[in-house]
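Novice: Mind docking chain B on chain A? Use the hints.
Residue numbers (the working numbering), protein chains in the order written: chain A, 1 to 474; chain B, 1001 to 1313.
It should be emphasised that the hints constitute simulated quantities derived from the structure, not laboratory data.
Incorrect hints may appear among the rest.
Label pairs and their calculated CB-CB ranges [what the hints assert, rightly or not]:
{"hint": "1", "chain 1": "A", "residue 1": "Gly121", "chain 2": "B", "residue 2": "Gly1256", "range": "49 to 59 angstroms"}
{"hint": "2", "chain 1": "A", "residue 1": "Gly121", "chain 2": "B", "residue 2": "Arg1255", "range": "52 to 62 angstroms"}
{"hint": "3", "chain 1": "B", "residue 1": "Leu1129", "chain 2": "A", "residue 2": "Arg41", "range": "22 to 32 angstroms"}
{"hint": "4", "chain 1": "B", "residue 1": "Asp1067", "chain 2": "A", "residue 2": "Ala390", "range": "52 to 62 angstroms"}
{"hint": "5", "chain 1": "B", "residue 1": "Glu1292", "chain 2": "A", "residue 2": "Val254", "range": "41 to 51 angstroms"}
{"hint": "6", "chain 1": "B", "residue 1": "Ser1125", "chain 2": "A", "residue 2": "Arg41", "range": "24 to 34 angstroms"}
For every residue, glycine included, the Cβ atom is placed at its ideal position computed from N, Cα and C.
Okay, here's what each chain looks like letter by letter:
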Amino acid sequence: MSDKPVFDEMWGQDETLRDPYKGFHDWFAEEDISRLRAKQREAEEIFRLTGITFNVYGRAEAEERLIPFDIIPRIISGQEWSKLSRGIEQRVRAINAFLHDIYHNREIVKAGRLPEEMIAGNEAYLPQMIGVQPPGGVYTHIVGIDLVRTGPGEFFVLEDNARTPSGVSYMLENRETMLQMFPELFSRNRVRSVQNYPLDLRRSLAACAPSGTSGKPVVAVLTPGIYNSAYYEHAFLADQMGVELVEGHDLRVVDGRVAMRTTRGYTPVDVLYRRVDDDFLDPLNFNPDSALGVPGIMDVYRAGGITIANAPGTGISDDKAIYSYMPDIVEFYTGERPLLQNVPTWRCSNPDDLAYVRDNLPDLVVKEVHGSGGYGMLIGPTASKKEIAAFRAKLKARPGNYIAQPTLSLSTVPIFARSGLSPRHVDLRPYVLVSPDGIKITPGGLTRVALKKGSLVVNSSQGGGTKDTWVLEE
Amino acid sequence: MLGKTAGGLFWMYRYLERAENTARLIEAGQRIALTRLEAGDTEWTSILQASGVKTAFDQEYDAVTRDAAVDWMLRARANPSSVLSCIESARHNARLVRTALTGEVWGATNAAYMKIREMLARKVSERDLPEVLREVRQHTSLVRGMTHGTMLRNEIFDFVRLGTFLERADNTARILDVKYYVLLPSVSAVGTSLDNVQWETILRAVSARGGFRMEYGTGGGPAEITEFLVLNKRMPRSLAFCVGKLRSNLSYLHRGVQGQLPSMAMVDQLEQRYLSHDIASVFERGLHEYIEEILGQLGQIARQVEIDFRFYE
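Same shape as in the complex, but just chain A (with noise of 0.2 angstroms):
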């Protein structure tokens, strides 16, 4: 698939432009370069003070620090998005009945349909929540659909973030910063509005309380402190809901419910929107050094005393090694066939597969099973020999560590360059949102690009930038 030009989600394959892009292309044609030159700055300016940022682990100095933004919108058509947004409806389905089901009877392994081992010996895989009924049937409240283009037509997913999906602030800020810049884009293109996603976050959540909760449900976000990557994201969302944000040492078990220490005493907590991992949220029933957790949140929760968004246990479906038999999970619980695609995936567990894959290297994306932030992988066709022969040995010692896929030729959005517009490759993140009312996707989601011309690594840890994204109304 490498001898195909790459699609171009403004100029398509053949320098036209698309239609998406035509009341953009218009106004761009008429605005001075070195006034968006100075507006590409004050972007700059207003994230700053808006205080935007992430924290570098293990660096005291400068520990703050911007994504890059790009102020080019990617921009998709409103009859591109509904039938996304339709496969993205059906997987997040499928992932919820399969952690119902993988927690419960294991239908999907009585069919056949699912090696056992997959679920046992997968560490993502929580004992602690087999039999465990979460409050509104639902395991993952928020979702995070990673999902690259090839063409016009041709979406597939990279992975579904299930655990505690990040980058919905930046979503928000970006929108709100364009705004802010470019009024008057707005006023000729029509762009679908994503300002509701906070709401629609605390609705969602609240729809999913205990069945005990009486009155309004006092919602909480829980994060792991000023000092984590994604704090200000925290922050930002329990501003924006209008909810308390918690670390682990404001809460503690009070009477079988789990509380907050108000300026009055303790205060029961209905749904907790944690954005601590599983490993660290409670040390009495998993790592014991966790200091970022409530000790006891497990019993109460397991006793139907607290939801928690998302439900301990979720990291499985999100696993590499799930991944591949995704189209089959999605088939065995929707029975439909699937709408969104995967990306071929050999598992190097396989035998036959790992025989292909140290055969093919050189034009192979291998990644770790557990990995995650574009860390740990080897990007075959820009890899050096060097590199190769070194995860060669890598493979041979742990195949049961990795996956390998196809490169896909993903496609680019242009970004303003020094010289203009120049292409970069980019990827997707829409954000779905589940309760027992329905399957909420807010119109758009987080565009990451390669800010590095020919780079295929969006990811901020690594010279990754966002852009705004645009959903047209139809």
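Specialist: Using the frame of chain A, we list chain B on its own:
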């Protein structure tokens, strides 16, 4: 609201107020230095003493010079009360309580932090000092203005005010004490024109010169100025005013709570013992001793507020 948040707000506004008042103290020092007759840097010793940082200063420096004193109070990271440290602590606490602040207050705090940090990245020359001090005051005022203009009047606001006025009362008392330190050695100067110039510097340091003239006309000496800064209930930096605000904000927080809050009882006691007599009796007791005692009481009230509202446990 969370106890932690209440504590964060309390400290955020204490540090903002302290940044501003440290800037005021430096300004007072600078003016005294410019109006004194004899050579030497004695006033900086008293300024350092008044701001409560003399002991730590002595561990870093062998002698008190103007340059060292200004730098210590303005930029030293080792000095938790330097303007830079205060602004950094205020902003750190603001991040901690981000959800309790409006976007405008957060934005103004962050802007203050960015601007002041940039200005204080290098040593400040004597020539640039007035502008730097003015910027510090303007930025902290902007945060205060945003606070007044955009924040709900709920318990969040009460903790904001408690922090502000506890710190301000403490700082006004310290500024008054500068006078004690400065003039103590030169009793002969009492009542001279030099003496009056220096008392006026105290007024300037709390932006009270105009207010004082409104209240006392062209007359008024040390006793009146002290009375103004201690007992005047309309002067927004006086001890009586600040303590009055402590009482009213504590009483808002007290609504719906069973029994008497210990911190509230302590404020009542402070008012009765120290702020309900005339200024003559203050001088009888000795101004310095009087101020020392008030500073001690304010410290105890701050500790009691922490306990009463569960800042830490």
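Novice: Now tell me if each hint is right for this structure.
Specialist: Taking the hints in turn, this is what the structure says about them:
{"no.": "1", "hint": "Gly121/A to Gly1256/B: 49 to 59 angstroms", "in the structure": "55 angstroms, holds"}
{"no.": "2", "hint": "Gly121/A to Arg1255/B: 52 to 62 angstroms", "in the structure": "58 angstroms, holds"}
{"no.": "3", "hint": "Leu1129/B to Arg41/A: 22 to 32 angstroms", "in the structure": "31 angstroms, holds"}
{"no.": "4", "hint": "Asp1067/B to Ala390/A: 52 to 62 angstroms", "in the structure": "56 angstroms, holds"}
{"no.": "5", "hint": "Glu1292/B to Val254/A: 41 to 51 angstroms", "in the structure": "43 angstroms, holds"}
{"no.": "6", "hint": "Ser1125/B to Arg41/A: 24 to 34 angstroms", "in the structure": "29 angstroms, holds"}
Violated hints for the displayed structure: none, as all numbered hints are satisfied.
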